[in-house]
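Engineer: Each chain, written out:
Number of protein chains: 2
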Amino acid sequence: MPDKLIIAKIGGKVIDEAEKLSVILKDFADIPDFKILVHGGGKKASKLMKQLNIPVKMINGRRITDASSLEIVQMVYAGLINKNIVAELQANHCAAIGLSGADGDTILSHKRPPAEVDFGFVGDIDSINTEVIIKILKNGFIPVFCALTHDGKGQMLNTNADTVAAELGRALSSHYEVDIIYCFEMQGVMQDINDPNSVITYINQEKYAELKAENIISDGMIPKIDNAFAALDKGVQNVFIKHYSAITQKESGTRITK
Amino acid sequence: MPDKLIIAKIGGKVIDEAEKLSVILKDFADIPDFKILVHGGGKKASKLMKQLNIPVKMINGRRITDASSLEIVQMVYAGLINKNIVAELQANHCAAIGLSGADGDTILSHKRPPAEVDFGFVGDIDSINTEVIIKILKNGFIPVFCALTHDGKGQMLNTNADTVAAELGRALSSHYEVDIIYCFEMQGVMQDINDPNSVITYINQEKYAELKAENIISDGMIPKIDNAFAALDKGVQNVFIKHYSAITQKESGTRITK
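Going down the list, the sequences are from chains D and W.
Residue numbering for the first sequence follows my numbering, starting at 1 and increasing by one per position.
Residue numbering for the second sequence follows my numbering, starting at 1 and increasing by one per position.
It is worth saying that the hints were derived from the structure and are not from the lab.
A virtual CB, placed ideally from N, CA and C, is assigned to each residue, including glycine.
Be aware that a few hints might be false.
One side of the interface only, derived from the structure: several residues of chain D facing chain W at Cβ under 8 Å [said to hold, decoys possible]:
no.	residue
1	Gln51
2	Met75
3	Leu80
4	Lys83
5	Ala91
6	Ser100
7	Asp105
8	Ala115
When you get a sec, could you build the whole thing from the sequences and use the hints?
Structural biologist: Printed below as a string of C-alpha cells:
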C-alpha cells in the first residue's frame, strides 16, 4: 500500500492573524504522515502595494500581476510569509523547507497568454517535478510551498495557491495515497452559512449537483469544489474543507470524494 | 581524498545590476564541483525602506535591524533576490534550491545581545547543520543561501553574508576540500586601488602583516581578510577575492592561504 501524503493548504485570514497561524502550524507539525504545506498570501501584499502607490488590479476576484506587483508578491509570499512559517514550523520540531516552484525546479508553468484579460505574470502549471518532491520528502524534509512557480527560463510567476495544492495532489497521487485539506475560517461547506452546526459532512458528485441546484453552495465555494473534483478525478483520495483548527481531527469539516 | 566544494559569495553592486548578475550565475552554473552560492542584499532593501519611510539605521557600516527593517530584509533577500537568482540558475540548468538558515534548520543563530550597540534582529551563528547541507548536496541540489538565519524558536535573524559564507566553509571543511570565493567589482586585493594591474595574487599571514603595516590594505578589506584567515584556520583550503566575471578562472584575483 502506498504511503499516505497530506497536502494542507492555508490562506487568507489564517495567514494574517499570527495566533490562528500558530494553531494550524502546531497541528500541522504533529501530522505523522508525509506532508506538504501550501500557503497563499493574505492581505500583506495588497497593503504593501497600497503603501508604495502601486495600484491593486483585480478582475473577478483575481489579481492582475504586472511587473511591480510580481515583485511585491514574490517578496511577501516567498520572503516574509514563507520564511516566518518555516521558522515557526522548525520551532515546532518540523523539518520544514520553504520552496517556490523554481526551487529544485519543482513546479514549471507558463505565463498565461493574454485573452479577454491579460493577467500579467501569472503562471498556469505545466508540470510537477514529482521525482524531486519525492526525493525531498524521502529525505525527511517537509516542503512548504508558496504560490509562486517559474517558467524554466528565469521568470518567476504568480500561481493560485488552491491550484498549486490541487496540482501537487494530482501529480503525487501516483506515488502516495493523497488527501488534500483546504483550511479556512468556516467549519466546512455549510448548509446554512449562518448556522455553524449545519456543516455538510460529505459531498460526492451527486450531492454536489443537488446542492448547486438548490443554490445552497455559494459562488465562492464553487471553484474550490470544482478544483477538488478535478483532483479526485486524477487520483487524489479525499479532499477536505475544514476549519483551520481542525486539521488533525478526522471527523470534522466536509469530505469530498468521487 | 574528499570532494571539492566551492562556496561563492556575491553581494552589493553585482546583485543590483542584472547583467553583471547574469554573468556570474552563468559561470557559477558551469562549476563542475559541489557548490554553494551565498548572496547578500544590494541596495534594494534600503531603497524600499526609504519608499516606506522606514529610517535606515547604520552604525560603522552595519545595519541596525529593527522589526520593520527585518521584515523588509526578509522580503528582499529571501523573496525577491533569492528567487530571482534561483529561477535564473534553473534557466542555466543548475539545480538550485533557495535557502535561508531556517529552511531545513541549516543555520542556527542567536540574537546578538545588546552591548554598546543594539543591532536588533541580527543573528550570530551558533551552528551549521552540516548533516542536512551534505544531504542536500548529495541529492544533487545546489544550495543558494540568502543572508538570513533563525534562532530555532521561530525568529528569523539578519546575518552578514560574508560571515555566512565563512561559517559554511569552516563547518563543511571536515567533509569537503573547501574553497571560498568572494566575488566583487574589483580584480582582487589591490596594491594600488587606481591601478587594475596591481592585483596582489597571493596573501598569507606574513604578507598580510606587511600589507597592513604599509597601509596598503584599506579598512573595508580588513574584516574580509580577517574572516578569510579565520576560515582558513578552521580547515578551509583557499579563500579567493575575485572579480565577479572571473569566478571560474583559476589564475585570477587574490588567493589567501595560511
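Engineer: Return the status of the interface hint for Met75(D): holds when the least beta-carbon distance to chain W is below 8 Å, violated otherwise.
Structural biologist: holds, 4 Å
Engineer: Let me know if the C-beta of Asp105(D) comes in closer than 8 Å to any C-beta of chain W, holds or violated.
Structural biologist: Constraint on Asp105(D) satisfied, holds at 5 Å.
Engineer: Given Gln51(D) was flagged as interface, is its beta-carbon under 8 Å from a beta-carbon of chain W?
Structural biologist: Status holds, d = 6 Å.
Engineer: Mind checking the CB of Lys83(D) against every CB in chain W and telling me if the closest is under 8 Å?
Structural biologist: Since chain W brings a Cβ to about 5 Å from Lys83(D), closer than 8 Å, the hint holds.
Engineer: Should the hint that Ser100(D) touches chain W count as held when the rule is a Cβ pair under 8 Å?
Structural biologist: holds, 5 Å
Engineer: Hey, does the Leu80(D) contact hint survive, CB to chain W under 8 Å?
Structural biologist: Where the cut-off is 8 Å and the nearest Cβ of chain W is about 5 Å from Leu80(D), the hint holds.
Engineer: Can you verify the interface hint for Ala115(D): is its Cβ closer than 8 Å to any Cβ in chain W?
Structural biologist: violated, 25 Å
Engineer: Does Ala91(D) meet its interface restraint, that is, does its C-beta lie within less than 8 Å of any C-beta in chain W?
Structural biologist: holds, 4 Å
Of the hints listed earlier, the one the structure fails to meet is number 8.
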